[in-house]
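Mapping to the UniProt record's numbering: the sequence shown position 11 is 11, numbers consecutive.
Accuracy of the hints is not assured; some may be wrong.
[As the list claims (entries may be wrong)] Ranges between beta-carbon positions, derived for each pair: (1) Gly323 - Glu260: 46 to 54 Å; (2) Leu502 - Val286: 34 to 42 Å; (3) Gln74 - Glu207: 44 to 52 Å; (4) Glu173 - Asp633: 53 to 61 Å; (5) Leu502 - Gly323: 47 to 55 Å; (6) Gly189 - Leu218: 16 to 24 Å; (7) Met516 - Asp633: 25 to 33 Å; (8) Arg510 - Glu215: 21 to 29 Å; (9) Gly189 - Gln431: 40 to 48 Å; (10) Gln74 - Ser3: 51 to 59 Å; (11) Leu218 - His293: 25 to 33 Å; (12) Lys636 - Lys454: 26 to 34 Å.
No lab work stands behind these hints, which were simulated from the structure alone. We treat Cβ as the ideally placed atom computed from N, Cα and C, and that holds for glycine.
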Amino acid sequence: MESVISKGSTVDEAVRLGLEKLQATRDQVSIEVIQTEKKRMLGLLSQEAVVKITKIRAPQPEQPKAKVWLKDGQLYYECTPTERPTITKGKGVRLFCNGKEVHDTITIEEGDQLEVRVEEEEKTEAAWNITVDSRKMQAVLMVEPAVRKYYVLNDIAPAKHIKLQAELRTEAEHTISYEEVVSRLEQLGIVYGVNEEKIKEALQASERVSVVIAEGQLPQDGKDGWAELKAGMNQSKKPRVRQDGTVDYREMEIISSVQEGEVIAIIHPPKPGLPGRRVTGEWIAVRDVFPIHVQLGKGVMISSDGTSLVATQSGRPQIVKKGRTVIVSVIPKLVHQGDVDLSTGNIRFKGDIEITGNVQDGMEVEAVGSVVIFQNVNRAKIQAQQSIFIHHNLIGGTIVSGEQKIVIAELSTLLHEIRQQLEKMIFALQQLIMFSKLQEKDIYIVAKRLLETKFQSLIEAVKKYESICQAKKEVLSEPWLELSNRFQSCFIAEKPNHFHCLESFAELLRQINEFMNQYEQTETDSVELSYALNSVIHCSGDVIVSGKGCYNCNIYAGGKLVIDGILRGGEVYAQKGIYVKEAGSSFGIKTTLAVPKGETIQIDHAWEGTVIQIGKKVHTFLETRKGIRARWDEEKDAIELH
């Protein structure tokens, strides 16, 4: 490159002189200042400016570049003397160069003939069918539309290298006609509940769908006749709900009542149901409905038109349902003012009892109905066939509510076991008669052997049933005791008798079934109190302690046990679950809570040493815990704590 060294009195002058020597302009050179000028006092020059000026080479014109591009499905390219464009074949395209197919990457030479094509389109045929469920209540149309898959080439901008790749597009084609579907429905005999809109919707689907296009009508069951309780409805046993959502069991209307001449209940006739219909048009019958059979108890009469039950005396109305029979009674009420003590003697009454004072040491109160005590019970015994309500405390007492129901519940459980085992034994005897030619005279011997080997649990249940009947004879009605005698004759007799035949066993099974249906319990009793100490509480239904809690008590509840306070010491069992606010103590007093398998124990605060039992599994808390919800875990075969 051409350059000069130029000097001048100033930098500008040195640059001007240098440009003249090079015959160039400022934009054609680069300037390097070697030395700037210096002046002495009074403006006299002491040092000249020196610069180096170099002529810049003029830029070369841009050389053309190689490139290739795709537009409207056609390939175009440009080559240069020194560069060639390249193409790589991708999915969905076929690339040809000079008539030969290219499968990878090629370099284009001047004069090459290029051609690009898309892959051939694919097409799947439409598929459809109609299925009907086994009950003929639904017809389902499955439609899979025909699908066309094809490739589309999009333009590619010029570049030295491009990759050819087509875009895959999918389109559904609706080739199935509505008439085809309707024709198939006719062939299948589907004539009811067809939804035309659903059929058209399915035929327009863009992907596989299954649509219910015909639905039958389920039958609507009717309702048997029933008795609707009218009297005393404003005095229901409903606890008051506090503002924070908790329940105050102390604020309760306890016993409903009725006055002489008041309507107790309305008898409603049965309401027939509506038959259903299958998609094939067949009608589905509904079960027959039956009127309620009313059995009048004490204190009740029926109106002349047979639609109303009227009280003939004052008291508490009671409706007990047994199968299709309701027994309606008015239970009289005895109101005792003041305490029950030695001056009054024990109180026993065939109805409800209300005591406005206390029940004192050693006294007994017994009612066929319910008992309400507005003060305390001190070392006394309270027994009722129905509910017991103590507004205050129970100290060293014994409470038994619904003893007959507790016994009947236990006997019913045994009857269930006896029924199951008897069914299996009858089946075994039938098989022996059919295949081994067993004679009727030999049934006693064979049945006895079966009872000693395969059906030992049946004998155990029968013996336990008899034991309970003997111990609780005074609270059981005659049919329960008669059934016990029948079991003795059938299963425990030392000699053959007329009960030892297949027909007799079958008849006994039928009687057990009828008996269990007849004595199905619909009423639930309860015990409700504020506080209990050193007491025994047995109840066929729920036990609710709404105050401070229970200390050193033994409790059995056929329903739920709710203690909205402390449970400290003793043993409690509830058939339908337990809730306790606080269980056990910091001193390690043994406290045991038990429920059957499948139920829940809930404790807000459990002290170390508290014992819970679910079924046969026992868990002892080794440290204090809060917010416990214990249930049986079937998979782990253990108690699960949350």
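Going down the list of hints, with the structure as the test:
1. Against the hinted window of 46 to 54 Å, the Cβ-Cβ separation of Gly323 and Glu260 comes to about 30 Å, which falls outside the hint.
2. Checked against the hint of 34 to 42 Å, the pair Leu502 and Val286 passes, with Cβ atoms roughly 36 Å apart.
3. For Gln74 and Glu207, the hinted distance range of 44 to 52 Å is not satisfied, since their beta carbons lie about 35 Å from each other.
4. Between Glu173 and Asp633, the C-beta spacing of about 55 Å keeps the proposed range 53 to 61 Å intact.
5. Restraint check, Leu502 to Gly323: a C-beta distance of roughly 27 Å breaks the suggested window 47 to 55 Å.
6. Checking the proposed 16 to 24 Å range against Gly189 and Leu218 shows it holds: the Cβ atoms sit about 19 Å from each other.
7. Separation of Met516 from Asp633 is about 32 Å and conforms to the stated range, judged on CB atoms against 25 to 33 Å.
8. At roughly 40 Å, the beta-carbon separation of Arg510 and Glu215 lies outside the given 21 to 29 Å, and the hint is violated.
9. In this structure, Gly189 and Gln431 meet the distance hint of 40 to 48 Å, their C-beta atoms being roughly 42 Å apart.
10. One distance hint, 51 to 59 Å for the beta-carbon pair Gln74 and Ser3, holds here, with the actual separation near 54 Å.
11. Range check, Leu218 to His293: about 29 Å between beta-carbon atoms, so the 25 to 33 Å window is met.
12. Between Lys636 and Lys454, the C-beta spacing of about 32 Å keeps the proposed range 26 to 34 Å intact.
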